[in-house]
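K.L.:
So you can see what is in the structure, the chains are spelled out below.
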Amino acid sequence: MRPAAEAFYGTIRLIRRFEERCIDLVRSGDIGSGIHPCIGQEAVAAGMCAALRPDDALLSNHRGHGHFLARGSDPGRFLAELTGRVGGVDKGRAGSFHPSDLSAGIWGASGTVGHGAAIATGLGWALARDGDRIAVSVFGDGAVTQGALLESFNLASLWRVPVVFVCENNGYATTLPAPTAIAGSVVGRAAAFGIPASTVDGQDPEVVYDAMAAAVDRARSGGGPSLVEFTTYRYEGHHTFERRMRLAYRDEAEVARWRERDPLAIQAARVPPDVREAVDAEVEEVLDAAVRFALESPHPDPADAFDHLYATPVRLRAGVSHA
Amino acid sequence: MRPAAEAFYGTIRLIRRFEERCIDLVRSGDIGSGIHPCIGQEAVAAGMCAALRPDDALLSNHRGHGHFLARGSDPGRFLAELTGRVGGVDKGRAGSFHPSDLSAGIWGASGTVGHGAAIATGLGWALARDGDRIAVSVFGDGAVTQGALLESFNLASLWRVPVVFVCENNGYATTLPAPTAIAGSVVGRAAAFGIPASTVDGQDPEVVYDAMAAAVDRARSGGGPSLVEFTTYRYEGHHTFERRMRLAYRDEAEVARWRERDPLAIQAARVPPDVREAVDAEVEEVLDAAVRFALESPHPDPADAFDHLYATPVRLRAGVSHA
Amino acid sequence: MPKLSYAKALNRALTDEMERDPDVFVLGEDLKFALNNVTTGLLDRFPDRVLETPLSEQGFTNFATGAAMGGKRPVVEYQIPFLLLLVLEQIANQANKFRLMSGGQVKVPVTYLLPGTGWRPGWGAQHSDQPYGVFAHLGVKTVIPATPTDAYGLFLSAIRDDDPVVVFCPMPALAMREDVSYVDLAPIPLGVGRVRRTGTDVTVLAVGHLVHEALAVADELAGEVSVEVFDPRSLHPFDWAGLAASVERTGRLVVFDDGNRFCGVGAEVLATAAEEMRLAAPPKRVTRPDAAVVVGCAPELDLAVQPSRAQLVAAIQAVVKS
Amino acid sequence: MPKLSYAKALNRALTDEMERDPDVFVLGEDLKFALNNVTTGLLDRFPDRVLETPLSEQGFTNFATGAAMGGKRPVVEYQIPFLLLLVLEQIANQANKFRLMSGGQVKVPVTYLLPGTGWRPGWGAQHSDQPYGVFAHLGVKTVIPATPTDAYGLFLSAIRDDDPVVVFCPMPALAMREDVSYVDLAPIPLGVGRVRRTGTDVTVLAVGHLVHEALAVADELAGEVSVEVFDPRSLHPFDWAGLAASVERTGRLVVFDDGNRFCGVGAEVLATAAEEMRLAAPPKRVTRPDAAVVVGCAPELDLAVQPSRAQLVAAIQAVVKS
Ligand SMILES: Cc1ncc(C[n+]2csc(CCOP(=O)(O)OP(=O)(O)O)c2C)c(N)n1
Ligand SMILES: Cc1ncc(C[n+]2csc(CCOP(=O)(O)OP(=O)(O)O)c2C)c(N)n1
Ligand SMILES: [Mg+2]
Ligand SMILES: [Mg+2]
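Top line first, the protein sequences correspond to chains Z, V, S and C. Under the UniProt record's numbering, think of the first position of the first sequence as 1, with each following residue one higher. Under the UniProt record's numbering, think of the first position of the second sequence as 1, with each following residue one higher. Under the UniProt record's numbering, think of the first position of the third sequence as 1, with each following residue one higher. Under the UniProt record's numbering, think of the first position of the fourth sequence as 1, with each following residue one higher.
The set of hints was computed from the structure by calculation and includes no laboratory data. Keep in mind that the hints are not guaranteed to be accurate.
From the structure, some residues in chain S lie toward chain C, with a derived Cβ separation under 10 Å [as the list claims (entries may be wrong)]:
id, residue
1, Asp30
2, Phe33
3, Arg120
4, Arg194
5, Thr272
6, Ala280
7, Pro282
8, Val295
For lysine to aspartate or glutamate, the following DMTMM-like pairs were computed, each having C-alpha atoms within a straight-line distance of at most 20 Å [what the hints assert, rightly or not]:
id, chain 1, residue 1, chain 2, residue 2
9, S, Lys32, S, Asp16
10, C, Lys32, Z, Asp307
11, C, Lys321, C, Glu300
12, C, Lys321, C, Glu220
13, S, Lys3, S, Glu178
14, C, Lys3, C, Glu178
15, C, Lys3, C, Asp30
16, C, Lys321, S, Glu178
17, C, Lys321, C, Glu224
18, S, Lys32, V, Glu252
19, S, Lys107, Z, Glu252
20, C, Lys321, S, Asp44
21, S, Lys107, Z, Glu242
22, S, Lys32, V, Asp201
23, C, Lys32, Z, Asp304
24, S, Lys3, S, Glu276
25, S, Lys107, Z, Asp55
26, C, Lys3, C, Asp23
27, C, Lys321, C, Glu248
28, C, Lys32, Z, Glu252
29, S, Lys3, S, Asp21
30, S, Lys321, C, Asp16
31, C, Lys321, C, Asp184
32, C, Lys8, C, Glu19
33, C, Lys8, C, Glu178
34, S, Lys321, S, Asp184
35, S, Lys8, S, Asp201
36, C, Lys8, C, Glu276
37, S, Lys321, S, Glu224
38, S, Lys321, S, Glu248
39, S, Lys32, V, Asp280
40, S, Lys107, Z, Asp251
Glycine included, C-beta positions come from ideal geometry on N, C-alpha and C.
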């Protein structure tokens with residue numbers, strides 16, 4: 001059942017403010033990597049994740065902070081990851097680019113754009129053998145020109161894997177406009193492999209939820225893969241480095257047009273002012289605590305550099321001759 | 001203009017008998033690699049190559065003997081290549097698996113299934129900058145599940161490259177039936193990238209010619225890429241090694257059904273018996289001479305093992321310590 | 001005692017492990033008809049654990065990563081050495097890093113099996129590579145069994161290992177047979193080498209099928225030089241202690257390796273020996289040349305760029321003389 | 001004299017060569033906005049020779065192979081080190097073998113440019129690799145310029161070379177500036193190293209940006225040890241004669257390399273030295289550890305698995321003492 005309006009509002013507000021805090025922490029140097037902000041795209045995360053069962057598995061990508069928060073990852077531990085601390089969800093081994101949080105059902109984020117789709121397909125296949133959990137792969141418009149992603153469409157379709165492919169089409173891959181990169185369309189690619197696909201407004205979390213719930217239902221009931229393309233927009237640059245560079249790949253008018261469909265405003269309009277204020281206050285509290293936790297968490301010990309490299313450990317030689 | 005019936009017959013007959021001679025030479029050990037016979041598929045080679053201008057560029061694949069002969073590669077020098085001799089079109093450096101013969105407009109055959117399509121796309125793009133030559137990429141049904149091939153569809157479509165993608169769909173990738181490998185269809189993949197595509201009978205060289213000529217015209221006149229899928233069948237195994245293995249992946253009835261549409265018979269029916277006999281005799285003469293040439297050509301000298309490795313040579317150390 | 005072939009040993013290891021552990025499954029091309037003899041009989045016994053794939057090596061390699069994260073233990077078979085270069089990024093940069101990037105939350109127990117690495121007479125320049133050094137360099141666990149018994153034991157350990165492991169089976173070793181008592185077949189731990197023949201004058205470290213060539217050379221030189229043959233069996237992890245003990249005894253070292261010279265396994269072994277071991281004479285490598293491409297279809301040229309027994313003999317003689 | 005930055009040197013080399021040779025063109029991601037500063041200004045000057053690509057690295061790498069066979073001279077830019085692993089097969093097994101397989105009929109003059117190899121603080125485990133050893137192992141021509149002048153000269157030579165050449169530009173070197181008189185900018189032949197500083201006690205072979213670290217260490221130790229710093233500049237082909245001459249003078253050798261230890265460039269150099277050069281003391285390597293993965297987002301961990309000045313100092317001191 002579709003969550004209440006204020007629940008969506010809360011998620012979107014949390015993601016928005018979390019990212020804004022992150023940008024501050026990038027400026028202060030606490031998040032060394034910079035981030036790929038998803039500001040403007042929060043409705044996709046909110047609606048999509050609400051349609052999942054907690055034990056479903058999601059493979060995220062480089063612009064994934066929203067997915068984590070929407071799935072209930074602890075903001076403090078997640079932020080501690082972005083600041084590279086041992087209290088992070090990945091003990092500081094992932095940072096902003098490659099995080100995972102299995103407690104929140106997020107199984108990782110491959111830095112190889114598009115390749116998470118095949119990993120999710122394998123994961124979905126494995127989960128389906130032991131129950132009715134499903135897998136979700138989230139990627140951008142840039143990923144659909146990566147052959148490995150299209151290979152996964154073929155495998156998922158052939159083997160009727162319970163996987164939902166979610167394309168967050170924000171119109172650009174870094175500076176490259178989607179129409180100059182994608183011959184044909186996103187949904188046309190999926191359809192070519194016999195995968196049901198639709199293009200859906202990604203700015204309204206309720207619309208997102210409905211489309212996603214249908215795809216999840218299909219997967220869970222043995223109907224196989226489907227693809228949902230959510231049209232959306234990022235208000236920030238591709239990565240925070242753009243704050244230091246002037247890259248004139250999109251004009252102000254276009255940004256302004258999309259700001260008119262700000263998911264935060266869309267959802268705010270559905271929530272009474274007093275409820276909104278309460279939610280906003282709670283979000284700030286949560287984030288204050290999260291920032292505190294993230295910055296107080298210890299830095300990793302260099303002596304532990306090889307921890308977690310292997311599950312079945314082996315002896316490794318250092319980089320200096322020990323004789 | 002479509003060539004005369006006896007010309008097609010001659011080409012098909014040449015390929016058929018050439019391959020049969022090759023199989024003998026595999027048995028005798030003179031062709032050490034074995035071969036991937038194209039017996040049964042000769043009409044595609046004959047019709048397709050007749051639609052090309054001599055200076056057009058074709059990228060072949062592992063089942064490419066027919067393409068070479070149909071484009072006019074010298075049978076003796078081509079066979080000398082298969083037997084690994086210095087008189088071969090590639091001086092014995094290519095063998096049956098990776099040959100090229102630029103004098104016949106064949107620019108190579110990547111062993112990486114599907115990847116020739118992107119090479120051909122780049123080649124076609126380069127040729128188009130200096131004139132009106134076009135490029136052709138030939139691949140099997142197995143190649144359309146390789147992501148790198150689909151990447152080339154996207155690039156060719158975006159950049160309107162004069163390239164014709166030719167899929168020889170013989171129903172199997174080694175032992176794997178096409179329907180169990182390909183979700184959707186071959187032509188559906190091309191269409192998804194905005195590439196005009198059609199499925200055409202590959203057993204009749206005249207039908208092949210007409211379809212190919214249309215695609216070539218489109219490419220040459222600036223209309224961009226297209227794909228033609230020719231349905232065909234190989235009467236032999238995937239590779240001559242199958243003569244020593246029993247692989248029951250297809251039944252006799254299926255083979256028999258396809259034998260009823262033998263391209264050699266189809267084209268023979270269009271040629272008067274006396275003309276046919278003359279052609280047959282000439283083919284045997286050509287092949288006798290070719291075999292003689294191939295077996296008399298010297299083996300490469302081990303001292304030349306590094307020749308042709310680089311175009312701008314460098315000094316290489318041997319595999320033994322020289323101190 | 002029954003004769004066990006190398007290929008049969010692979011088949012047996014996989015069958016035994018699939019019997020024992022329902023999470024093990026196998027995927028790859030032409031598996032149903034067991035083109036490489038590894039999957040013979042498996043389809044009948046485990047019909048839903050043999051996944052025959054289209055030609056989508058990168059896709060199914062990533063698929064295996066996901067399935068492994070989801071609790072399965074995939075064994076992925078590849079038909080040609082270069083296919084491991086095609087999926088190098090998926091193995092070394094994705095599968096092999098996910099555990100670290102998750103801070104230990106996930107494991108990725110995938111086994112990548114190449115039942116035929118190196119030169120197969122006639123198969124062309126793109127089918128004759130030896131990519132194992134690349135995987136070891138990038139930190140992917142890498143084994144290269146020389147005998148049927150080792151093929152069984154190392155393949156089994158690779159499947160049971162909780163990390164990605166690549167198993168390279170040298171083309172010329174596949175036909176090898178060995179007298180084996182089946183009850184002696186057992187997992188062999190990664191990172192433990194083996195002295196195949198003891199000797200006192202020189203240690204020959206031989207990789208893969210060259211172990212057998214080295215043993216033949218040792219026989220041939222028996223009256224003249226006492227050769228110890230050391231088989232590392234696994235490249236990463238590597239049995240440095242085992243090698244050091246051997247070199248300690250002999251004081252001399254020759255590496256016999258079918259990989260390319262530059263940055264190959266021979267380089268690593270000589271470098272480590274130079275740093276850490278006491279050598280009575282400069283060590284030597286017998287390898288493929290720098291930048292070697294085995295054209296694969298003209299045996300005269302092919303053999304010229306692969307290490308030979310004659311080269312090994314000469315190298316041994318030079319090392320013991322200096 | 002004007003200050004030339006490393007990144008600007010790359011831009012200038014490409015601009016000069018595109019001016020000189022109409023067959024040169026550049027392709028890659030985000031080129032129009034020159035994200036990596038390599039293609040700055042090119043779109044305006046050569047609007048039809050800047051091909052901005054979708055995220056299809058394998059496709060456009062093969063595309064470059066075809067365009068090169070068709071008479072063009074493509075320069076392909078990649079954004080991240082791992083992308084070179086993603087296209088390794090297309091470069092090493094396809095582009096680099098086509099000339100051989102054609103018996104010399106075709107040439108494949110492609111330049112692959114990685115303007116940022118190695119660790120960039122914060123960018124994560126999948127963005128901090130040093131894949132150059134892999135290319136040299138497989139016989140692909142490989143250069144790694146340390147300075148702006150060398151970046152200009154080696155990049156130019158790579159473009160003019162008739163074979164595939166990979167140009168690795170170390171991340172920390174990109175910001176480096178040098179006093180350069182523009183008339184002195186010239187092609188630098190592949191395979192010619194350079195003594196960056198003469199010394200008498202020990203040769204330090206340093207790769208890429210570590211050349212500068214080695215020079216700093218040499219300064220620091222100046223009173224104590226006389227360090228010669230040798231920069232190979234290109235890895236394949238490699239200037240063995242230049243290195244041998246240096247070691248001949250100093251008798252001692254330390255390699256300082258940011259690649260992984262096992263089968264890395266350090267291994268090759270030590271192995272060759274052990275085989276062929278007279279050393280007064282065992283050589284040493286200072287490298288990334290075996291199997292290193294730089295997590296890339298926690299500097300404490302990152303620096304722990306990259307070679308440091310302190311390690312180099314210790315290695316030099318140990319080598320000169322023994
Ligand atoms: C295979 C691959 N190519 C290039 C990159 C570098 N890169 C990282 S994100 C990105 C743009 C991705 O665009 P899109 O998929 O649309 O996602 P968005 O950033 O818009 O959310 C690029 C080019 C990469 N990480 N992987
Ligand atoms: C990428 C890749 N995967 C696998 C192989 C091994 N292989 C060579 S030919 C072949 C089957 C190809 O089938 P198809 O494309 O239909 O061509 P056909 O042999 O039927 O003509 C396979 C699997 C290869 N050479 N390259
Ligand atoms: Mg995008
Ligand atoms: Mg086929």
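K.L.:
Of the numbered hints stated previously, which ones are contradicted by the structure, given in increasing order?
P.N.:
1, 2, 3, 4, 6, 10, 11, 15, 16, 19, 20, 21, 22, 23, 24, 26, 29, 30, 31, 34, 35, 36, 39 and 40
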